[in-house]
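*Asks:* The task is simple: from the sequences and hints, build the whole structure.
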Amino acid sequence: MTFQKVTLIGNLGRDPEMRYTPNGQAVTSFSIATNRTYTASNGEKVKETTWFRISAWGKLAETCNQYLKQGKQVLVEGRLTGDKETGNPRIWTAQDGTPRASFEVTAETVRFLGAREDGGGSGSGGAMQEHGAPDFAEEDEIPF
4 MTFQKVTLIG NLGRDPEMRY TPNGQAVTSF SIATNRTYTA SNGEKVKETT WFRISAWGKL
64 AETCNQYLKQ GKQVLVEGRL TGDKETGNPR IWTAQDGTPR ASFEVTAETV RFLGAREDGG
124 GSGSGGAMQE HGAPDFAEED EIPF
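Following the working numbering, the numbering of the sequence shown begins with 4 at its first residue and continues without gaps.
Think of the hints as simulated: they come from the structure by calculation, not from any bench. One should not assume that every hint holds.
[As the list claims (entries may be wrong)] Calculated cross-link-like contacts (lysine-lysine; reagent style BS3-like; alpha-carbon spacing at most 25 Å):
#1 8 x 48
#2 8 x 75
#3 50 x 75
#4 50 x 62
#5 62 x 72
#6 8 x 87
#7 48 x 62
*Replies:* Structure below.
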């Protein structure tokens, strides 16, 4: 048996987009950016941003589409999905000529982080699992 799971905390790069498969199953796509800041050997602060493209399915897709908005912080647990052609992350060249990559994740759990938008206090976040009952709480764009 093999197993993989990735856990990400990041901010949405844009509002989610939901569509339906021909058999009527909901799928919502959104992108999140994770940031890492460190001090280089020369003493300069460096900020690294990594983009992830997230796909949520079924009831989880509908809930993500309803409650997630651009800029919101979110925790996603899921599995990495390789590019269909190469099996690797999706790679492209940015307008400034620098190489870029994004990683695809199929979400199994999504947790909204931060305060509720309805003024309900700071909230510790709520988890939604693909086949579970959701517990709602809230909280550089990819070129595609």
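*Asks:* All hints, please: hold or fail.
*Replies:* Verification of the hints:
1. 8 x 48: 30 Å, violated
2. 8 x 75: 22 Å, holds
3. 50 x 75: 19 Å, holds
4. 50 x 62: 35 Å, violated
5. 62 x 72: 17 Å, holds
6. 8 x 87: At roughly 19 Å apart (the allowed maximum being 25 Å), residue 87 and residue 8 satisfy the hint.
7. 48 x 62: 41 Å, violated
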